[in-house]
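J.: Given chain L's structure and the hints, the job is docking chain E onto it.
Protein chains in written order, with our numbering: chain L, 4 to 313; chain E, 322 to 592.
Note that these hints are calculated values from the structure, not bench results.
As the structure is a prediction and not an experimental result, all values here were calculated from the model.
C-beta: ideal position from N, C-alpha, C; glycine also.
All the given hints hold, so there is nothing to weed out.
Distance windows between CB atoms, simulated: (1) L/205 - E/529: 32 to 40 Å; (2) E/439 - L/119: 43 to 51 Å; (3) E/368 - L/124: 49 to 57 Å; (4) E/439 - L/19: 49 to 57 Å; (5) L/124 - E/351: 46 to 54 Å; (6) E/453 - L/300: 37 to 45 Å; (7) L/205 - E/387: 21 to 29 Å.
In silico lysine-lysine, DSSO-like type, Cα no more than 27 Å apart, as pairs: (8) E/556 - E/401; (9) E/459 - E/438; (10) E/439 - E/456; (11) E/401 - L/111; (12) E/438 - E/456; (13) E/401 - L/109.
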Amino acid sequence: MVLVVASIIFSFFNENFLTPSNFSLILQQVAIVGAVAAGQTLIILTAGIDLSCGAIAVFSSMTMAKLVQGTPGEGEPVGIAVWLAFPAGLLVGMLGGAINGFLVTKVKLPPFIVTLGTFNVFLALTLTLTKGTVPSIEMDPFLLTLGHYVNIGPFRVTTGVLFMFAMYMVLAFVLRYTSWGRHVYAVGDDIDAARLAGISVNRVLMSVYIVAGLTFALAAWIVIGRVTVASPNTGGDLNLDAITAVVIGGTSLFGGRGTIFGSLIGAIIVGVFRNGLTLAGVDLYYQLMAIGLLIIFAVSVDQWIRKARK
Amino acid sequence: MDQKGTQMSKSPILQAVGLTKSYGRVIALDGSDLELFPGEVLAVVGDNGAGKSTMIKCLSGAEIPDEGQIILDGQQMSFKRPNDGRHAGIETVYQTLAVAPALDIASNLFLGREMRKKGPLGSILRMTDNSGMRKAAKEHIAALGIGTIQNITQAVETLSGGQRQAVAVARAAAFGQKLIILDEPTAALGVRESRQVLKLIESLRDRGMPVILISHNMPQVFEVADRIQVQRLGKRAAVVTPKSHTMNDVVAIMTGAMTVDKKDQALTSVR
Numbered sequence: 004m005v006l007v008v009a010s011i012i013f014s015f016f017n018e019n020f021l022t023p024s025n026f027s028l029i030l031q032q033v034a035i036v037g038a039v040a041a042g043q044t045l046i047i048l049t050a051g052i053d054l055s056c057g058a059i060a061v062f063s064s065m066t067m068a069k070l071v072q073g074t075p076g077e078g079e080p081v082g083i084a085v086w087l088a089f090p091a092g093l094l095v096g097m098l099g100g101a102i103n104g105f106l107v108t109k110v111k112l113p114p115f116i117v118t119l120g121t122f123n124v125f126l127a128l129t130l131t132l133t134k135g136t137v138p139s140i141e142m143d144p145f146l147l148t149l150g151h152y153v154n155i156g157p158f159r160v161t162t163g164v165l166f167m168f169a170m171y172m173v174l175a176f177v178l179r180y181t182s183w184g185r186h187v188y189a190v191g192d193d194i195d196a197a198r199l200a201g202i203s204v205n206r207v208l209m210s211v212y213i214v215a216g217l218t219f220a221l222a223a224w225i226v227i228g229r230v231t232v233a234s235p236n237t238g239g240d241l242n243l244d245a246i247t248a249v250v251i252g253g254t255s256l257f258g259g260r261g262t263i264f265g266s267l268i269g270a271i272i273v274g275v276f277r278n279g280l281t282l283a284g285v286d287l288y289y290q291l292m293a294i295g296l297l298i299i300f301a302v303s304v305d306q307w308i309r310k311a312r313k
Numbered sequence: 322m323d324q325k326g327t328q329m330s331k332s333p334i335l336q337a338v339g340l341t342k343s344y345g346r347v348i349a350l351d352g353s354d355l356e357l358f359p360g361e362v363l364a365v366v367g368d369n370g371a372g373k374s375t376m377i378k379c380l381s382g383a384e385i386p387d388e389g390q391i392i393l394d395g396q397q398m399s400f401k402r403p404n405d406g407r408h409a410g411i412e413t414v415y416q417t418l419a420v421a422p423a424l425d426i427a428s429n430l431f432l433g434r435e436m437r438k439k440g441p442l443g444s445i446l447r448m449t450d451n452s453g454m455r456k457a458a459k460e461h462i463a464a465l466g467i468g469t470i471q472n473i474t475q476a477v478e479t480l481s482g483g484q485r486q487a488v489a490v491a492r493a494a495a496f497g498q499k500l501i502i503l504d505e506p507t508a509a510l511g512v513r514e515s516r517q518v519l520k521l522i523e524s525l526r527d528r529g530m531p532v533i534l535i536s537h538n539m540p541q542v543f544e545v546a547d548r549i550q551v552q553r554l555g556k557r558a559a560v561v562t563p564k565s566h567t568m569n570d571v572v573a574i575m576t577g578a579m580t581v582d583k584k585d586q587a588l589t590s591v592r
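Chain L on its own, in the form it takes in the complex (with noise of 0.2 Å):
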């Protein structure tokens, strides 16, 4: 709804707003975003948050980078085949996730806290690891796969959208389709009414922090392929843009109620807010305080809904 109305306000302020081509443009713009919410729907719907989703998909991003490309500057750079480099960075999110999912279910930290934690570390081994520079490097081709251009219809996006798209559609059949989407759900919900029908709890936290990070990580795909090289800046707003998708998307911080595809129209949302608000020339602080007031209005939606219900 929100979606097909600023759609239509958007376009009389800018008539070249509603063309396959803009659309195309703003598609691959949320697709980096998209990704990393995907993750972070499934953590916050067992009523937890990921602080650290930027900061896991940009080291997993770096990671896959320095690996094919090896460390230059002491004689002969060495990379690794990119057939190792590439698992390797999915491993390093999962790594993350799993850090986090320990860290929250058997030290028994609260997610933020966890999250908030793990973030900086993450954030502080990647500009370990780039020494705070950002490489600029001939980028192996199959990781630049997923900034390929395709056309379908007048549209014409990244390969990363449909990964994206392809990303969610798993997801949404995971969650809707399966014991564990729905033990996601029931331990977002009520914790003890899961443990007490005999969902071994733990695990599927553990399991949710796990997928999350290979989420982030594959969106940490998405981003060599859009930007070509992997920065270690790319991430910085990533983690609040994420929630912010995720929030707008309709899933509830309080865990248990929500859906993925929410999430993408979430992102697609704050994505189609960034491009109209520019395109109608709007001041770039103005568009900061739009995308406040959006995430404000959607809390408070949430809410309301809670209350009615009750």
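T.: Only chain E this time, still in chain L's reference frame:
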């Protein structure tokens, strides 16, 4: 006591012998016994700290007794994890309305025990049979005569407290093969809602399902129970029937104001 001895031939479906459990220096259960016979409602009453909850936790596998035996259908059980009792066919309904509010009725009924689709969709993709679960949930709800629930895809939070507890009871009834334990099922409910749950207990008994009912509420206990086991200080103080004793008697036994002859402490099946 006149019923005693007339139906001694029945053997218990569940038997607990000398259950003992202590937490540190607190002895919650001090060699307590329990027998549950086929097709009966056994109420367990007792003051706070009399060992009701601990006994139930031992029977359902939530706690491991320090000593004593649990014999289910003639087989000795050794529960180690909360799910062990469940796997053995003992289902427990808790007072705290242990349902997930945002999930629908069907999802709650099958929570933790989802049905898979037949064929490769189920075995390889591990796809759940959502429509099958809905259909089965409808049947289970109907079988218990819970007519007030109309839409099986309703979120549980839209139901009244009594209906929610009915969903929990229906879940227990759907999966409980041997017996169902209800731990203070009406404690969180109003009068009318309690009535619904009591009706459910009766319909469970009518279907031949043995029930252990833990309750504080004497009128409710006297309404539905076939036998009443009175716990006192971690031991079984007496087993009476609503016919043989009055509520005042039971309260007197609970508080120790009245003692029951040793041989009357183990009244067997009256049904």
